Structures are given as structure tokens and as C-alpha cells.
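Work out the full structure, taking the sequences as your base and the hints as a guide.
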Amino acid sequence: DFINRGLLEAEKRQAERVLLELKTFGGFADSMTEIGDAISSSKAPVYVFIEGRAISAGAYIALSANKIVMSPDAVLGASQPLVADGTPAPEKTKAAFRKMFKAVAEARAQKTGVDLNPLLAEAMVDPEVEVEGVVAKGELLALTAKEAIEHNYADLIADNRNQAIAKLGLANLTTVVVQQTPVESLVRFLTDPVISPLLLTVGFTALIIEVFTAGFGLAGVIGIISLLLFFGARILSGLAGMEVIFLFFLGLVLMVIEAFVIPGFGFAGILGLLAMGGSIILSYATSGQGLASLGIALVWSIFLVSLAFQYLKNSQLLKRIILKTSAEGQHGYSAVPIYQRYLGSIGVVVPPLRPAGVIELADGERLDVVSEGTFIPIGQQVKVIAVEGRRILVRVEG
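Heads up: the sequence shown begins at 1 in the numbering used here, then just goes up one per residue.
Hints are supplied without guarantee of correctness; some may be wrong.
[Said to hold, decoys possible] When the alpha-carbon atoms are kept at most 30 Å apart in a straight line, the in silico DSS-like pairs for lysine-lysine are as follows: (1) K43 <-> K102; (2) K99 <-> K23; (3) K167 <-> K43; (4) K43 <-> K111; (5) K111 <-> K99; (6) K12 <-> K111; (7) K137 <-> K92; (8) K23 <-> K92; (9) K111 <-> K167.
What the hints contain is simulated information worked out from the structure, not anything from laboratory work. Note that the coordinates shown come from a computational prediction; the quantities given were computed from them, not determined experimentally.
In C-alpha cells form, the structure reads like this:
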């Protein structure tokens with residue numbers, strides 16, 4: 001969105017040239033092609049100044065420009081496609097990237113009139129591509145500034161933006177700098193391939209902890225905020241639409257219905273899980289990226305939840321609030337008789353018994369009870385048929 005906004009601003013001002021400063025380790029393939037297409041279709045010629053690095057997707061973006069200026073320490077290339085866990089992408093994806101990089105290199109040659117070898121662009125993507133005297137088989141190609149100039153993959157070398165402007169012959173033009181807004185910077189940060197799964201992990205972990213703790217507290221707030229940041233950033237960046245939030249909350253509603261209305265774990269629960277998982281996957285450019293991020297988040301969430309409960313189990317705070325001594329019968333304490341008085345009492349089921357739950361007696365008193373293993377819905381009259389210690393057993397009355 002930032003690049004598109006900048007190019008629209010340039011078109012609005014009828015700019016003669018656009019200079020894009022580039023410093024990146026890469027990103028998602030869909031963003032790479034969108035930015036490359038935006039640069040290629042710009043009415044004003046776009047020049048790129050590579051400050052430090054244009055790695056991976058950055059190389060494709062740079063090659064889409066009319067001219068490339070590199071800082072002396074800049075590197076261009078090393079663009080092998082990877083999946084979310086850092087391993088090389090399947091051969092089908094790699095083959096597609098090779099053709100894309102070859103095509104953008106050929107387009108650069110046609111636009112600028114320079115003579116370059118498009119096989120070098122393929123060697124940036126595939127380590128199996130060998131170019132004699134440039135890159136050996138088994139190595140990814142990454143060009144330094146001098147090497148890029150030598151092979152016509154760059155046009156000039158400049159120390160900084162001002163020097164780049166001067167060497168490009170643009171010093172006499174009025175310069176208008178378009179910078180990222182704070183919101184754009186935040187969205188860019190939150191949609192980072194590392195940060196997005198982290199937000200999901202925090203969201204899942206916090207909500208799971210919230211479910212297993214009394215009331216609604218800090219964990220629930222953190223979980224909701226994390227998921228809102230995840231979805232909000234992806235919507236603002238254009239990676240997803242409002243439908244993903246609708247799908248996620250539909251899944252959440254189905255899970256709540258499954259937990260508190262419908263007995264057991266069945267159709268609604270499965271649909272809820274599918275809807276929530278699907279919403280996350282759909283918020284990514286490809287299903288592979290979405291599945292990888294969801295998988296990473298789930299694995300880390302399970303680990304962190306286990307760690308959290310283990311910590312709580314052994315925490316000094318919990319030990320201080322738990323009574324370690326017990327009152328025994330020989331000291332005059334008896335736990336059973338107080339519950340024996342409920343034997344034969346009639347009550348109404350408040351939340352469903354699954355088989356455990358709560359009933360309300362005629363005088364308004366509520367009891368924690370358990371059925372004989374069957375589900376009993378809300379509103380059903382039940383009778384206390386047995387008391388076993390603190391366990392109160394009920395059966396449907398009549």
C-alpha cells in the first residue's frame with residue numbers, strides 16, 4: 001500500500017522520475033509481484049537506490065525498475081524461495097520463480113537497452129543454475145555493487161540518496177519525499193513473517209489460559225488484543241478482507257455453542273475449528289503460508305500453555321494461598337453429613353449436566369452435582385439420589 005500510495009502521489013504531482021530507496025531481506029511472493037507490477041506500470045520512470053541489500057524478493061523489485069543504483073556495500077540476489085519453516089520451496093515453486101526472475105531481467109534489458117545475461121537472474125533463485133566464471137553449481141548468486149555493474153544488473157554506485165540523485169541527473173528537479181505513515185510502519189511490522197505467527201501464538205495461548213481460569217482477566221484481554229492486531233494488520237495491508245474476521249468469529253460462536261449448549265463435541269465444534277483455522281489460512285497469500293503459520297502458532301501455544309500450567313503448579317504464590325494442612329475427623333471435622341441433608345432434594349438444572357453441572361433448589365441454593373453419565377439439558381427437574389462424600393449424584397425426576 002505504501003508503494004502504491006507513493007506512485008499515485010507521483011502521478012498526481014506529474015513527477016518526472018520516482019526514486020525508490022530499497023533495503024530489504026525480502027518478504028512474501030505476492031507482495032513481491034504486486035510491487036514489481038506497480039513499478040513496471042508506473043507512468044513515471046522508477047529508479048531504485050539499493051542501500052545495503054536487496055535480497056530475495058528485494059532483487060525482483062529492484063530488477064523491475066528502469067535504473068538501479070547501489071551503495072558500495074550493497075548486495076543484490078540470493079532469492080531462492082523458501083517456505084515458512086525456512087526450507088527450500090517445492091520444485092514447482094522454484095521453477096515458477098526462475099521464469100519470473102528471467103522475465104523481469106529480460107524486461108530490464110529491453111527497457112534500458114543494456115546487454116545482460118538473464119541466466120544470472122535464474123541463478124539468484126536456483127542453486128542448480130551454473131554460469132561459468134560467475135557462479136558455481138550448488139551456490140546461490142548474490143552480486144556485489146561492482147559485480148552488478150559489471151554484468152549490467154545495476155547502472156551506478158552511490159554512497160547515499162543525494163549522491164544517487166546527482167549521478168542520475170536529477171539534482172535540478174524538486175524533490176518530494178514520501179515516507180511511511182506511523183500506521184503503515186506498524187502494519188508492516190505486524191505482517192512480518194516472524195511477527196504474524198507470534199501474534200497468533202500469544203492470542204491462542206492467552207485465550208486457552210483464560211478458559212481454564214476463573215472469571216475474565218488479563219489473559220483474555222491479551223488474547224483478544226493479539227488476534228485483533230493480527231487480523232487488523234492483514235486487513236489494513238490488503239492481504240485479507242473483512243470476511244476473514246467474520247469467519248473467525250463465526251467459528252468462535254460455534255465453539256461457544258458447542259461448549260455451553262450442545263452436548264459432547266460434535267458437528268458445531270468441528271465446524272467452529274474449521275472456520276477459525278480457515279480464516280487464518282485465508283488471511284495469507286497462499287494456503288501453504290497460512291498452514292505453516294497456523295501450525296507454528298499451534299505448536300508453540302501447546303508448549304507455552306503446558307509451561308504456564310507447570311509454572312502455576314509450582315509457583316510460590318499458589319503455594320501461599322493453598323492450605324497444606326487438613327482438618328480430620330479426630331479433630332472434630334466431618335465433611336459428609338452436611339451433604340447428606342440434600343438426599344432426596346428436587347432441583348432444576350441451570351447449566352447443562354455433561355455429566356457435571358449445577359442445579360438450583362426450590363430455596364434458590366445451588367449445588368454442584370453430577371448425573372449418572374448422561375447429558376441433562378437446562379430446565380430439567382432432577383432428584384438427588386446419592387451422596388458420596390462431596391459428590392452429589394442426580395437423576396431425572398419422573
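Going through the hints against the structure:
1. With a CA separation close to 23 Å, the supplied pair K43 and K102 stays within the 30 Å bound.
2. Note on K99 and K23: the hinted pairing holds, with a Cα-Cα distance of about 24 Å set against a maximum of 30 Å.
3. At roughly 22 Å between alpha-carbon atoms, K167 and K43 fall within 30 Å of each other, so this suggested pair holds.
4. Between K43 and K111, the direct Cα distance comes to roughly 14 Å. Compliance with the 30 Å bound is thereby established for this hinted pair.
5. Between K111 and K99 the CA atoms are separated by roughly 18 Å; this keeps the pair inside 30 Å, and the hint holds.
6. A threshold of 30 Å between alpha carbons decides the hint, and for K12 with K111 the separation of about 24 Å falls inside it, so the pair holds.
7. The hinted pair formed by K137 and K92 meets the criterion: a straight-line CA distance of about 19 Å does not exceed 30 Å.
8. Annotation: proposed proximity of K23 to K92 holds, straight-line Cα distance about 28 Å (limit 30 Å).
9. Restraint check for K111 and K167: satisfied, since their Cα atoms lie roughly 19 Å apart, inside the 30 Å limit.
Hint check: no violations occur; every hint is consistent with the structure.
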